[in-house]
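The hints should help you fit chain A onto chain W, whose structure is shown.
So the sequences go chain by chain: W and A. The first sequence maps to residues 1 to 366 in our numbering. The second sequence maps to residues 1 to 366 in our numbering.
Some clues are possibly wrong.
Over the 12 Å line for every Cβ pair with chain A, so calculated as not near, a few chain W residues [what the hints assert, rightly or not]:
#1 Ser37
#2 Glu53
#3 Thr56
#4 Ala90
#5 Thr110
#6 Ala131
#7 Ile176
#8 Ala199
#9 Glu287
#10 Val294
#11 Asp314
#12 Met341
No more than 27 Å apart at the CA atoms, straight line, and that leaves these computed lysine-lysine pairs for BS3-like [what the hints assert, rightly or not]:
#13 Lys320(A) / Lys320(W)
#14 Lys310(W) / Lys320(A)
#15 Lys197(A) / Lys323(W)
#16 Lys167(W) / Lys315(A)
#17 Lys167(A) / Lys197(W)
#18 Lys61(A) / Lys189(A)
#19 Lys315(W) / Lys315(A)
#20 Lys315(W) / Lys320(A)
In short, the hints are calculated from the structure, not lab data. We put the beta carbon where it would ideally sit given N, CA and C, even for glycine.
2 protein chains.
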Amino acid sequence: MKNLLFLVALVFMISCQDQNSEAPEAVEPTNTPEQTSEFAIVIHGGAGTILKENMTPELEKEYNAKLTEAIQTGHEILKNGGSSMDAVEAAIRVMEDSPLFNSGKGAVFTHDGINSLDASFMDGATLNAGAVAGVTTVKNPISLARKVMTDSEHVLLSGDGADAFAKALQDPNIEIVSNSYFYTENRFKGLQRVLEKEAEMEAEKQMTEPKTTALRQLELKDPYFNDSKYGTVGCVALDKNGNIAAGTSTGGMTNKKYGRIGDAPIIGSGTYANNATCGVSSTGHGEYFIRAQVAYDISALIEYSGLTLKEATDKVIQDKLVKLGGTGGVVALDHYGNVSMDFNTPGMYRAMMNDKGDLIVGMYKD
Amino acid sequence: MKNLLFLVALVFMISCQDQNSEAPEAVEPTNTPEQTSEFAIVIHGGAGTILKENMTPELEKEYNAKLTEAIQTGHEILKNGGSSMDAVEAAIRVMEDSPLFNSGKGAVFTHDGINSLDASFMDGATLNAGAVAGVTTVKNPISLARKVMTDSEHVLLSGDGADAFAKALQDPNIEIVSNSYFYTENRFKGLQRVLEKEAEMEAEKQMTEPKTTALRQLELKDPYFNDSKYGTVGCVALDKNGNIAAGTSTGGMTNKKYGRIGDAPIIGSGTYANNATCGVSSTGHGEYFIRAQVAYDISALIEYSGLTLKEATDKVIQDKLVKLGGTGGVVALDHYGNVSMDFNTPGMYRAMMNDKGDLIVGMYKD
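Next up, chain W with everything else stripped away, as it sits in the complex (with noise of 0.2 Å):
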């Protein structure tokens, strides 16, 4: 009987022709195909280990203000009828502009003691998309990335050449900065303290193995440092006209070197829109959400297995990524205004709002 009903379950799906009904493995769905919001934003300040135990009240007051009025920005313009893009926008640089976020202003070090940013912009009615890796001069990389996209006939730009764009733009939504506006005492003690580790555990080898390359020092996991590898923010949107927008913005890694460049600006990886499917940002340990494609597959996964936006994130964060032995998370939400924070560490800054206004903040894991 049970098969019988899957059967025509089964068939239905497929004569409705639907890519996006319900998986035929779901049982208890938890989002339904129907318009659960007529727009919505969802917003992640960065994963990791982020414990009560370690947070001062003052610090969860901040933190709380902060994504709080980062929302409320992107879900004003939204109310007020405007574009999923400038949402995104607005709301990334409330985040890029606050020291607690590893983005824009607060961005950690890299090996070289500078600060270096990634960002990714996509608009779900069109695909296009922009990106910038690695500037070191513009006060608000993901209003950068978005005129990468528009622009310009390129996605990614990065390093000098990226900053000349930006420069060549001329445009006062673009503000250029000296690196050192990016300065704030935190990270640059914490590179410190990464550097007197690194600096021990050469000395350390040294004593026991042979002399080894400098190369060994990309092997360096700290544990006290390794929540730098997940810091980023990021926004989707979904606006009025049914269009979703998405962007990531991140200072990367403590002590990056080699330009390193992670999932941030990697459209497909670090972000991903579409107004058919969902739209995606990531954060997390970037090379995990390459290789496993992290915001694509949430898409794919809807478009061709037929799963749900929670089914489709669960399936990427919970299994698929943990599976690689990625940790990080996503904040995503579909076309129906089904909204998803997922992630597989303690904790992840957060925050999302719906038509009717109701806001949830998060931080640690509920």
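Just chain A now, kept in the frame of chain W:
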């Protein structure tokens, strides 16, 4: 009756739980889920406006000879029980060392008159991957991409940092050269012609409309040099142990500016490999290949929609990419040893060999 058969086929498909069985909509699948070749290798040397009427018999002979040499180099490794990773690296090195292709020696010139190279490499057994963007002193970028995968904890390194990583390796297989090594007269003249054309266009613009910013230069679309967007080399191989590897290497676009990064070093766009599905190497207008997630999308269509390799490459190259406006092609193979060489341009330099030693070399649309 037809519907009933369809239903039976569906039930069978689900009861088998075989992700790679035929798609229900495939009436006459071109590939079957049976081992067609114990091992196989396929390469490309770029796609674009490759037309017989523009080719001299001498040049045609040279391309044929070099494609044959490259694929036989890889095939020999597979035949002797070597790994798909070794075969991919060796075949691509042959093409990188030849001035016929836009990779390694013979790479196109950037706006600043240098050669800047990108490459990526992926191991389908572990989903591990490595890539480099904008290296200027490494003779064989594909070997460096493989080293990023095996000798660092990163996936993507860029610019001077990637060159520094190469130097630190002190590996005889990673030969450091001066940038002038990559110089070829043809490619240098190619840049000069683009720059002249650009200056003409700029002069025309200034006569007819207000002075535009430097950004407008990015929008240059020169029909004479359109092909310079497509020059890339790539290889995918399946070895006797069932392991798939894929790699891609390119000099990018003639006259590229602002540190532009195309799809070649982007895992999921330019290169993807997964033993469970397939391996893919792309060549084409990189921006569209990033937006369309070309390489991973082919894998996802096999894994989630049950398409055959041929159906999946056709869907992506002849349908989805065309709708976006993207031109180019892919070479791909699956774990059954099926091979696909699919492109929507007038031609693609390509070759394939199977376990019987059958060799196919092609350039034009058949």
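Do the hints match the structure? See the list:
1. Ser37: holds (27 Å)
2. Glu53: holds (29 Å)
3. Thr56: holds (32 Å)
4. Ala90: With a cut-off of 12 Å, Ala90(W) remains clear of chain A, as the shortest Cβ separation is near 23 Å.
5. Thr110: violated (9 Å)
6. Ala131: violated (9 Å)
7. Ile176: At about 14 Å from chain A, Ile176(W) clears the 12 Å cut-off, so the statement holds.
8. Ala199: Non-interface label on Ala199(W) holds, nearest chain A Cβ at 17 Å vs cutoff 12 Å.
9. Glu287: Nearest chain A Cβ is 5 Å from Glu287(W), so the label is violated.
10. Val294: Per Cβ check, Val294(W) is inside 12 Å of chain A; nearest 10 Å; violated.
11. Asp314: Fine: 15 Å to the nearest Cβ keeps Asp314(W) off the interface.
12. Met341: Holds, because the least Cβ-Cβ distance between Met341(W) and chain A comes to about 23 Å, which exceeds 12 Å.
13. Lys320(A) / Lys320(W): holds (26 Å)
14. Lys310(W) / Lys320(A): Measuring from Cα to Cα gives roughly 26 Å; hence the hint holds.
15. Lys197(A) / Lys323(W): violated (52 Å)
16. Lys167(W) / Lys315(A): violated (40 Å)
17. Lys167(A) / Lys197(W): holds (24 Å)
18. Lys61(A) / Lys189(A): Given that 27 Å is the threshold and the Cα spacing comes to 23 Å, the pair holds.
19. Lys315(W) / Lys315(A): With Cα atoms ~25 Å apart, Lys315(W) and Lys315(A) stay inside 27 Å; holds.
20. Lys315(W) / Lys320(A): holds (25 Å)
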